[in-house]
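**Student:** The lines below spell out each chain.
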Amino acid sequence: MSATDDVLVSVRGLKTYYSIRGSFLDRLVGRTGAAVRAVDDVSLELRKGEVLGLVGESGSGKTTLGRTLLGLVPATEGTVEFEGQDITHASEHDRRLLRRRMQIVFQDPHASLNPAMTVAQAVGHPLEIHGLARGREEVRARVADVLERVGLAPAEQFMDKFPSDLSGGQKQRAVIARAIILNPVLLVADEPVSMLDMSVRAKILELMLALKHDFDLTYLYITHDLATAKFFCDRIAIMYLGRIVEIGPSEAIYADPKHPYTQALLRAIPEPDPRRTIPRDLPRGEVPDASRPPLGCSFHPRCPKAFEVCGWESRDLKELLERRWAGLDEEGFEAEQAAVGPMEELDVAKTHVRLEAHGGAHGSDLRGLLDRARAADPAEPFWTGVQEMRDANGALEIDWYDPVEPRLLPADSVEVECHLYDETALAEAAQRRQSRIPQ
Amino acid sequence: MTAVLEVRDLRLWYGTARGSVRAVDRVSLEIDAGSVLGLVGESGCGKSTLGRGILGLLPEGARADGEVLYKGRNLVTMSPRELRRLRGPDLGLIFQEPMTRLNPLLRIEDHFRETIEQHDSKLTPKDVRRRSLDTLGRMGIPPTRFRQYPHEFSGGMRQRIMIALALVLRPSLLVADEPTTSLDVIVEAQILRILADLKENFDTALLLITHNLGIVAEACDRVAVMYAGQIAEEGPARDVFADPKHPYTRELLRSTISLDTKVLHSIPGAPPNLISPPSGCHFHPRCPDVMRVCPAHDPIETQPDPDRRVLCWLHGPEREIPEGGTAPLEREQIAVAEEA
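From first to last, the protein sequence lines stand for chains D and U. Numbered per the working numbering, the first sequence spans residues 1 to 439. Numbered per the working numbering, the second sequence spans residues 1001 to 1340.
It is worth saying that the hints were derived from the structure and are not from the lab. Errors might be hidden in some of the hints.
Interface residues of chain U toward chain D, partial, derived using beta-carbon atoms under 7 Å [said to hold, decoys possible]: (1) 1122; (2) 1126; (3) 1184; (4) 1189; (5) 1192.
Since the structure is predicted, the reported quantities are computational estimates derived from the model, not experimental observations. Just so it is clear, CB atoms sit at the ideal spot from N, CA and C, and this is done for glycine as well.
Model the full assembly from the supplied sequences, consistent with the hints where possible.
**Tutor:** Okay, here's the thing in structure tokens:
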């Protein structure tokens, strides 16, 4: 898509990495620490007047993406354009001017207001910081206006109250008032209702929709909640471990989710319908460590549909063994663990490992162990990724297929980053399946 | 089915500078052995106080009156020492924040040893280990991680460990106070799956406190809806959700945003403070169906169906409603800003 007049924000190849400080020794010898890839090569456009939902679990990088967009966190690579201007490396002076145009509402209304400032002081503060009102009277008049607009009416009743006098919903209204008092064009709303009671969420969302209409706002709505996003957003971007895995119009995402992760997120939402029970086939585990992402597709270790090319590797073997051991009795676990020995070797991502047999066991014993694991759960997708297992002199050598990196590709009316929708990856997997060495 | 716990006319209150807060106001409940009872309501309705009050875990200065019967004994009048002996092997609690409830300096192994030895000092170290590993395994925590520290686990794993710690003593009742609030939606569903399966695996009854009606619908056998310290409605989860009798239950269900939500809905106003709640039915200022009798007289509990009860004048008893009491009450609109 070319940059057109209706594009408000354009993000290209954006990466935001946080470096982890290494140990003292690392610094002494000049080794640099690892990096958390909070945002890992994201491109998207935000069109004027739309609500784009950025949806993902904690650790998906959605908040960091929102903050990088606003310049609250420096970008490691890539560009952010706002109204056609590259603002990735804007000076502090330019940023100040930009902040009149782009504002943010944070998740926790209780932490977003200074407890020592009255509502009028807090909401009027941006006017003073930016020198946009002359004198106390004008500030108060404009604060009264905006308070009425966000439903804190009559304004006189709220202006001189302190945050501790307000309920959660009222605080969030005050925070929204403070964000819109400068007449911004872009509002980044980071989980604006997730700290509020169910009975209040609808009211705040309705307020935000009304404000968007009245003030011609564009929203980036950051949330983990696909249920509120469905109501609120024109388009949805699903994030997982720093990457957008699916993006498209809301109707399409909800009617026909493509990515197995999107499908899982939708299935996991608790519905107030007692005929439904909690699904049993949910992805296992949690979002992995973004400083050591899985090979290939980041979602593959949890994905029920993963196959040959998705990036199977040594760490998946360790998880497989640990999952198996959690279900064995103590004797069974101890016997198997004694044969496998320490598993540090498996912590480093590799598509080839040599698993030494311990405690008097042989390579064939390890193979027997893995065969039992496979027989216990033949549908486990891990096994599709194993290219070959060889007995080698008291050890077992395992090769996995090389991972194919997933790309965001069009599929119907959305874009999705999953090999299931990538013809070349599917063909590659089929070819590997045919040439697999019989086990 | 036999009840593992019976709460009768329980009142819990504590004094503040502004007056006494009646957090739980004459509540009666029964939890059947091996069943899951959901306790729902907005923040500030007394759910957590009730959950803790049942276990005798109230802050200093709180007072209790009424009966909490467990195996024929009243926990309200029991000495702190006796109560402490029951907590763990009989009554367990899972808190909201798994991050802060594990001691960062203790290995998982030590958490289990400490818990088990507190209540059963005769077990050998080998038995302690076996029992711990067995419970952890059922929660999906591999034995290879038994000697790790809490910080080495993810949030969902920590909550699994907390649940395992509560279950390792095989309590007959577990109180779980918003156990999934700080977790992501997929992990939340994983944890709920575990809690809903407790019956099959541990024969433990569960009191699940939550503000999320979706959770109750999917995980609970029965549900109690709490408002302003009282049980507004109680019954089998399926029936209550299909046909809510109390207007508060109905409004709460309508305001829950789910994937099926077509129109946003909310309840005007906010739950009252519990120092001086509204007269009559505490919900009357927010109730769309309010009648003349509602602010004037305290509602009386009725049974619209044999297995259900509700505290609302809409369901009578008719002989107690004064002449003209069922006429709608005229009142001013509630201001938008009067909300939670």
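**Student:** The structure should be examined with respect to each hint, and the outcome stated for every one.
**Tutor:** Here's how the hints hold up against the structure:
1. At about 20 Å, the closest approach between the beta carbon of residue 1122/U and any beta carbon in chain D exceeds 7 Å, and the interface hint on this residue is violated.
2. The interface hint given for residue 1126/U is broken, as the beta carbon of that residue sits about 9 Å from the closest beta carbon of chain D, more than 7 Å.
3. Contact between residue 1184/U and chain D, as hinted, is supported at the beta carbon level, the nearest pair being about 4 Å apart and thus within 7 Å.
4. For residue 1189/U, the shortest C-beta to C-beta distance to chain D is roughly 4 Å, which falls under 7 Å, so the interface hint holds.
5. The interface hint given for residue 1192/U is met, as the beta carbon of that residue sits about 5 Å from the closest beta carbon of chain D, less than 7 Å.
When each numbered hint is compared with the structure, violations occur for hints 1, 2.
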